[in-house]
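Construct the complete structure from the given sequences, taking the supplied hints into account.
Single-letter residue listing:
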Amino acid sequence: MPSAGELVTRLLAWVGELINASSLRVGLGPTVATLVVLLTLLSLVARPSSRWVTRDAGKLTGLGRSMALAAEAGATATLSVGTAGVARAASAAERMQSLVVLPLVEHVARTAARAGVPLHITTNDPVVAGMAEALVTDAHAATGTSERRQRSDVEFLGEGRVPAAGLSLGADARRVAGFALGGLGDESLLLAHGMAAGATGARVGSGDVAQAPSILLEGTGTLVGADLYAAPAEVRSTGHARPAVVATNRLIGAVIVILVLAAAWAVAGGSPADLLSVR
Amino acid sequence: MRRSIPAALVVGVGLLLLLDFLVVNPTLGAISGAIVELVVILFAAAAVLGAILLAVRHAGALALPGGDRIGSALVLVGMAIVLVPGLMATDGAAAPSVRWVVGALVVPIGASLLALVAVFLIPAARRGMRLRPRDTAVILVAACVVVVLLLPLGGDVGAALGDGATWVLDVPLRAVFAGLLIGVSLAAAVAATRFLFGLAGTDD
Numbered sequence: 001m002p003s004a005g006e007l008v009t010r011l012l013a014w015v016g017e018l019i020n021a022s023s024l025r026v027g028l029g030p031t032v033a034t035l036v037v038l039l040t041l042l043s044l045v046a047r048p049s050s051r052w053v054t055r056d057a058g059k060l061t062g063l064g065r066s067m068a069l070a071a072e073a074g075a076t077a078t079l080s081v082g083t084a085g086v087a088r089a090a091s092a093a094e095r096m097q098s099l100v101v102l103p104l105v106e107h108v109a110r111t112a113a114r115a116g117v118p119l120h121i122t123t124n125d126p127v128v129a130g131m132a133e134a135l136v137t138d139a140h141a142a143t144g145t146s147e148r149r150q151r152s153d154v155e156f157l158g159e160g161r162v163p164a165a166g167l168s169l170g171a172d173a174r175r176v177a178g179f180a181l182g183g184l185g186d187e188s189l190l191l192a193h194g195m196a197a198g199a200t201g202a203r204v205g206s207g208d209v210a211q212a213p214s215i216l217l218e219g220t221g222t223l224v225g226a227d228l229y230a231a232p233a234e235v236r237s238t239g240h241a242r243p244a245v246v247a248t249n250r251l252i253g254a255v256i257v258i259l260v261l262a263a264a265w266a267v268a269g270g271s272p273a274d275l276l277s278v279r
Numbered sequence: 001m002r003r004s005i006p007a008a009l010v011v012g013v014g015l016l017l018l019l020d021f022l023v024v025n026p027t028l029g030a031i032s033g034a035i036v037e038l039v040v041i042l043f044a045a046a047a048v049l050g051a052i053l054l055a056v057r058h059a060g061a062l063a064l065p066g067g068d069r070i071g072s073a074l075v076l077v078g079m080a081i082v083l084v085p086g087l088m089a090t091d092g093a094a095a096p097s098v099r100w101v102v103g104a105l106v107v108p109i110g111a112s113l114l115a116l117v118a119v120f121l122i123p124a125a126r127r128g129m130r131l132r133p134r135d136t137a138v139i140l141v142a143a144c145v146v147v148v149l150l151l152p153l154g155g156d157v158g159a160a161l162g163d164g165a166t167w168v169l170d171v172p173l174r175a176v177f178a179g180l181l182i183g184v185s186l187a188a189a190v191a192a193t194r195f196l197f198g199l200a201g202t203d204d
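Sequence order for the protein chains is A and B. For the first sequence, the working numbering begins at 1 and goes up steadily by one. For the second sequence, the working numbering begins at 1 and goes up steadily by one.
Read the hints as simulated data drawn from the structure, not as lab findings. It cannot be assumed that every hint is accurate.
To be verified - Within a straight-line C-alpha distance of at most 25 Å, the following computed SDA-like cross-link-like pairs (lysine to any residue) qualify: (1) Lys59/A / Ala262/A; (2) Lys59/A / Ala137/B; (3) Lys59/A / Leu180/B; (4) Lys59/A / Val209/A; (5) Lys59/A / Phe177/B; (6) Lys59/A / Leu140/B; (7) Lys59/A / Ala73/A; (8) Lys59/A / Gly179/B; (9) Lys59/A / Arg126/B; (10) Lys59/A / Leu181/B; (11) Lys59/A / Val138/B; (12) Lys59/A / Gly198/A; (13) Lys59/A / Thr136/B; (14) Lys59/A / Phe120/B; (15) Lys59/A / Val13/B; (16) Lys59/A / Val176/B; (17) Lys59/A / Ala71/A; (18) Lys59/A / Leu19/B.
All values derive from a computational prediction rather than experimental measurement.
This is the structure we're talking about:
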C-alpha cells in the first residue's frame with residue numbers, strides 16, 4: 001500500500017510533467033496582457049469601492065415612458081436581438097455582443113411586463129431565441145404578471161441577416177417602442193429603420209464600429225461601440241455589472257498611457273515595435 | 001447549492017479554456033477540444049430544433065384564421081424547396097438544385113434587399129436631422145466631403161482629390177476606428193472574462 005508521501009510525490013511529479021510538456025501559445029507579451037485583463041477585473045470584483053455616477057445610456061431611462069405610451073395606445077414593443085447570434089457563423093466579437101445585450105433584453109422585458117405591453121422579440125439564432133424566451137418568462141415571474149406571459153413572444157426568423165432586416169421593414173406598424181440591440185452587419189440601417197417605423201422612440205445599439213453611422217442616423221437612443229457593453233451596468237439595480245465598466249475604463253486609460261509613452265519613445269528615436277517581440 | 005454547482009462548472013470550464021488559450025499542452029488541448037466539440041454538437045442540435053420549431057410554428061399559423069397564412073405558406077414552401085432536394089441528393093447541400101436555389105433566388109433577393117440601403121439612407125438622414133440636427137449635420141458634411149474626394153476626375157484636380165481621399169482614410173478615419181476598436185476590444189475582453197468566471201449574475 002503506497003504511503004501518503006508517495007501519493008504527494010507522484011502528484012507533484014505528474015504536475016511537473018504537465019508543466020514540462022507545456023509552452024506558451026501566444027508568447028509572453030500577449031499572455032501577460034490577457035492576464036492583466038483578468039487581474040484588473042478580479043481586483044475590482046474583490047474591492048468594488050469606486051463611486052458610480054449613473055448616466056442615461058441609450059436613453060434607456062425613458063423606457064418606462066415609452067412602455068406607458070404603448071400601454072395607453074394598446075400597441076406593442078418589438079425588440080431585435082441583433083443579427084449575429086451565438087450559434088451562427090459569426091465572429092467571436094459579434095457573438096459576445098449577443099450575450100452582452102441579454103441584461104438589456106431582461107430590462108426591456110421587465111419594463112414591458114410591468115406596463116402590460118406585449119413584447120415581440122425577434123432573432124435569427126435558435127440559441128438566442130431560447131435565452132430570450134427564458135428572460136421573458138423570468139421577467140413576468142419577477143413582476144408578478146405571469147398571466148400576461150402569453151401576450152409576449154419570441155420569434156426565430158430563420159437563418160441569415162437579410163430576413164431579419166426585411167421582416168422588420170414589413171412588420172406590423174402598431175408598435176410604439178422598437179429596439180435593435182446586439183451584433184449588426186450591413187443590414188443595420190434597414191433593421192433600425194424597420195424598428196423605428198411607427199415607434200416614438202427607437203433604441204439602437206451595436207458594438208460593430210462600422211455600423212455607427214446607421215445607428216446614429218436611425219436611433220432615438222443610441223449605444224455605439226463600447227457603450228453597448230457598459231449599458232447593462234447603468235440599467236441594473238444591482239452593482240455586479242459595474243466592475244466590468246470600471247475595469248474597461250482603467251484598461252482604456254492604461255492603453256492611452258502606453259500609446260502616449262510609445263509615441264514619445266518613437267519621437268525620441270526608439271522603436272516601440274521592439275517591445276512586442278519579447279519572447 | 002442549486003446555484004453553486006452551475007457556477008462552479010462555469011468557473012471550471014472557463015479556467016480550463018482560458019488556460020488552453022494561453023498554454024500549449026497535449027492533455028489540456030484534448031480536454032478543451034472535447035468540451036468545444038460538445039458545445040458544437042449542442043449548438044447544431046439547437047439549430048435543428050430551431051428549424052423544426054420554425055416549421056411547426058408556421059404550420060400552426062396556417063390553421064389559424066387570423067394568421068398570416070400566405071407568409072407562413074411561403075416560409076414552408078421555401079424550406080421544402082431547399083430541404084427536399086438536399087435530402088434526396090447524395091451530395092446534400094452541394095446538390096445542383098440546392099445550389100441553384102441559393103444562387104438564383106436567395107443571393108439575388110438578399111442583394112436586392114441590401115441595395116435598399118442606398119434608398120433608405122435618405123429617410124434616415126432626414127430622421128437624423130429631426131432627432132439630432134448638429135450630429136447628423138456633421139455626419140452628412142463628412143459624407144459629402146468623402147463623396148467629393150472620391151469623384152472619378154482626371155488631371156491635377158483628380159490627383160489632388162485622390163491624395164486627399166487617401167489622407168482622410170489613413171489619418172482621421174483610421175484614428176477614429178482604431179480608438180473605437182480599442183474600446184470595444186477591451187470591453188469585449190472584460191465581458192468575456194466575466195462570462196468565463198460566472199460573474200454575470202441576474203438582478204434577482
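Hints, one by one, checked against the model:
no.: 1; hint: Lys59/A / Ala262/A; result: 37 Å, violated
no.: 2; hint: Lys59/A / Ala137/B; result: 21 Å, holds
no.: 3; hint: Lys59/A / Leu180/B; result: 21 Å, holds
no.: 4; hint: Lys59/A / Val209/A; result: 20 Å, holds
no.: 5; hint: Lys59/A / Phe177/B; result: 24 Å, holds
no.: 6; hint: Lys59/A / Leu140/B; result: 23 Å, holds
no.: 7; hint: Lys59/A / Ala73/A; result: 21 Å, holds
no.: 8; hint: Lys59/A / Gly179/B; result: 23 Å, holds
no.: 9; hint: Lys59/A / Arg126/B; result: 20 Å, holds
no.: 10; hint: Lys59/A / Leu181/B; result: 23 Å, holds
no.: 11; hint: Lys59/A / Val138/B; result: 21 Å, holds
no.: 12; hint: Lys59/A / Gly198/A; result: 18 Å, holds
no.: 13; hint: Lys59/A / Thr136/B; result: 18 Å, holds
no.: 14; hint: Lys59/A / Phe120/B; result: 24 Å, holds
no.: 15; hint: Lys59/A / Val13/B; result: 37 Å, violated
no.: 16; hint: Lys59/A / Val176/B; result: 24 Å, holds
no.: 17; hint: Lys59/A / Ala71/A; result: 19 Å, holds
no.: 18; hint: Lys59/A / Leu19/B; result: 39 Å, violated
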